[in-house]
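Student: Spelled out from the first residue to the last, the chains are:
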Amino acid sequence: MAAETEELVLPEPKTGTSGWQEFSKGFIKQNPLMVLMVGLCSSLAISNRVENGIFMGLAATFVLVCSNVIIASIRKWTPDQIRIPIFIVVIASFVTIVDLSMKAYFPAAYDRLGVWIPLIVVNCIILARAEGFAYKNTVFRSFMDGLGMGAGYTMLLLIMGTIRELLGTGKIVIFDKTFISLGAFNPPAIFVLFPGAFITFACLMALLNRYKMGKAE
Amino acid sequence: MMSRMVKLGVTLMVVGIVAAFGLGITYAVTKKKIDQENKLAEAKASMTALPGIKSPAELVEDPKLLSAVNKKYPDVQKVLSSRIGDIFIMKTKGYGGPMELAVGVGNDGKVKGVSVISNRETMGLGSKVLAEENLAKYRGKSTSDQLVVGKDVQAVTGATITTRAVTSQAKEALAAFSQLRGTGQD
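Each protein sequence line maps, in turn, to chains S and D.
Sequential numbering of the first sequence, starting at 57, is according to our numbering.
Sequential numbering of the second sequence, starting at 1109, is according to our numbering.
Accuracy of the hints is not assured; some may be wrong.
[As the list claims (entries may be wrong)] Derived PhoX-like pairs: lysine-lysine, alpha-carbon spacing no greater than 20 Å straight-line: (1) S:LYS81 <-> S:LYS271; (2) D:LYS1152 <-> D:LYS1172; (3) D:LYS1152 <-> D:LYS1162; (4) D:LYS1199 <-> D:LYS1179; (5) D:LYS1236 <-> S:LYS233; (6) D:LYS1199 <-> S:LYS159; (7) D:LYS1141 <-> D:LYS1152; (8) D:LYS1152 <-> D:LYS1186; (9) S:LYS159 <-> D:LYS1140; (10) D:LYS1199 <-> D:LYS1236; (11) D:LYS1180 <-> D:LYS1201; (12) S:LYS268 <-> S:LYS81; (13) D:LYS1180 <-> D:LYS1199; (14) S:LYS227 <-> D:LYS1236; (15) S:LYS159 <-> D:LYS1162; (16) D:LYS1199 <-> D:LYS1152; (17) S:LYS159 <-> D:LYS1141; (18) D:LYS1186 <-> D:LYS1201; (19) D:LYS1201 <-> D:LYS1236; (20) D:LYS1152 <-> D:LYS1140; (21) D:LYS1115 <-> S:LYS159; (22) S:LYS132 <-> D:LYS1141; (23) D:LYS1186 <-> D:LYS1147; (24) S:LYS85 <-> S:LYS268; (25) S:LYS192 <-> S:LYS132; (26) D:LYS1147 <-> S:LYS159; (27) D:LYS1179 <-> D:LYS1201.
The hints are simulated quantities; they were obtained by calculation from the structure and are not laboratory data.
Build the full structure now, drawing on both the sequences and the hints.
Tutor: Here you go:
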């Protein structure tokens, strides 16, 4: 009996950081895409359009926040040996909820995002936050962490989407409204295709590293 | 040892049951809406594919017609008939994934319109093929046309695969039509 209870002893929740810090670290310091470098696959694929970024970002944030909260609140009853299957069940459920709701209420966006919505299940950001953060922290902190990570992810999708859509199609169209138009010019379609994703991402990485190096000196 | 395994199993089962319950509710809530959206998209596409049809009520889905052509032309998903022509709901693979089209063929055996129900083509390239201005070039085509990309159908630059997919569907719908109705009566 003693051995069993011992396994359930949790690491001490981290103290010394405020909820706000847990939230804001997702933007630059621990941005899931730029710094942690997780969840890149889907981001590169769908960031060819600002509108995709909005939907994908919201969907992933919803799943992140909900799964973080649930996992943090059941962490005391979650046996260590089966925590991963439990995380996956929780995450997959929320992803399916998003998948079905999006199909019902935003069919056009769902059509475009296609397989990437169900694939949020295997998005490393979410499992990494569940295992690396929510399992060891309080519900409130996990909530803030999920929100911050989601916001950081969304922010980057929007930046990449803006660059790629503007350069690749010459205009930015969100919800059938044209926001920016570069007028008459023949846009290089490579930016909305996969190579454009790598080029854009690499440039953003270079910029961030330059900024970090400048700060360190 | 045994009791621990049981405990782990039960824990996992409880989590699974709760999750399944949640999903069941979501499914029940969204199912109706999803079906509605699908129907709506199809109805909208049908009305553009066969100008003259003002409401989905004018279209009759005929499973007999479908089973008559479906073996030879497996891309045909549905045949909707009306007094002015037939609409073939086609499903094929584009460049980016599955693509559903509605091809309207008038009683004269000519394509009256092609419209898109759903697609996953690349924005800026494949999507250009699916724009209304481009789909208009299929209008008036009949079985006497070759409908071959590079011959009588000009591919959109950078989107040959999408163009091929749409063209083959128009051709198949025409072939299915002529099997059902003959070459068409003028």
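Student: Evaluate each hint against the coordinates.
Tutor: Hint by hint, here is what the structure shows:
With a CA separation close to 17 Å, the supplied pair S:LYS81 and S:LYS271 stays within the 20 Å bound. Taken as a hint, the D:LYS1152 and D:LYS1172 pair is broken in the structure, with Cα atoms around 23 Å apart against an allowance of 20 Å. Of the pairs offered as hints, the one joining D:LYS1152 and D:LYS1162 holds, with about 10 Å between alpha carbons and a cut-off of 20 Å not exceeded. Taking the CA atoms of D:LYS1199 and D:LYS1179, the gap is near 14 Å; set against the 20 Å cutoff, the hint holds.
At roughly 18 Å between alpha-carbon atoms, D:LYS1236 and S:LYS233 fall within 20 Å of each other, so this suggested pair holds. Between the alpha carbons of D:LYS1199 and S:LYS159 the distance comes to roughly 19 Å, so the proposed pair stays at or under 20 Å and holds. About 16 Å separates the Cα atoms of D:LYS1141 and D:LYS1152, which keeps this hinted pair within 20 Å; it holds. Using a Cα cut-off of 20 Å, the hinted pair D:LYS1152 and D:LYS1186 holds, with the two alpha carbons roughly 15 Å apart.
For the proposed pair S:LYS159 and D:LYS1140, the alpha carbon gap of about 11 Å is at most 20 Å, so the pair holds. Proximity of D:LYS1199 to D:LYS1236 is assessed by CA-CA distance (about 19 Å); at most 20 Å being required, the pair is judged to hold. A threshold of 20 Å between alpha carbons decides the hint, and for D:LYS1180 with D:LYS1201 the separation of about 18 Å falls inside it, so the pair holds. This hinted pair checks out: S:LYS268 and S:LYS81 have alpha carbons roughly 15 Å apart, not beyond 20 Å.
For the given pair, D:LYS1180 sits about 14 Å from D:LYS1199 by alpha-carbon distance, which is consistent with the 20 Å threshold. Of the pairs offered as hints, the one joining S:LYS227 and D:LYS1236 holds, with about 15 Å between alpha carbons and a cut-off of 20 Å not exceeded. A distance of roughly 27 Å separates the Cα atoms of S:LYS159 and D:LYS1162; the hinted pair therefore is violated under the 20 Å criterion. Taking the CA atoms of D:LYS1199 and D:LYS1152, the gap is about 16 Å. The hint holds against a cut of 20 Å.
For the hint pairing S:LYS159 with D:LYS1141, the CA-to-CA distance comes to about 9 Å; that is within 20 Å, so the pair holds. A distance of roughly 17 Å separates the Cα atoms of D:LYS1186 and D:LYS1201; the hinted pair therefore holds under the 20 Å criterion. For a cut-off of 20 Å, the pair hint linking D:LYS1201 to D:LYS1236 stands: about 16 Å separates their Cα positions. For the given pair, D:LYS1152 sits about 18 Å from D:LYS1140 by alpha-carbon distance, which is consistent with the 20 Å threshold.
For the suggested pair D:LYS1115 and S:LYS159, the alpha carbons sit about 38 Å apart, so the restraint of at most 20 Å is broken. With a C-alpha separation of about 38 Å, the suggested pair S:LYS132 and D:LYS1141 falls outside the 20 Å cut-off, and the hint is violated. Note on D:LYS1186 and D:LYS1147: the hinted pairing holds, with a Cα-Cα distance of about 12 Å set against a maximum of 20 Å. Between S:LYS85 and S:LYS268, the direct Cα distance comes to roughly 10 Å. Compliance with the 20 Å bound is thereby established for this hinted pair.
The hinted pair formed by S:LYS192 and S:LYS132 meets the criterion: a straight-line CA distance of about 10 Å does not exceed 20 Å. Only pairs whose Cα atoms come within 20 Å are accepted, and D:LYS1147 paired with S:LYS159 is accepted, the gap being roughly 13 Å. Of the supplied pair hints, the one linking D:LYS1179 and D:LYS1201 holds, its CA atoms being roughly 18 Å apart against a limit of 20 Å.
Going down the numbered hints, you'll see the structure goes against 2, 15, 21, 22, while the others check out.
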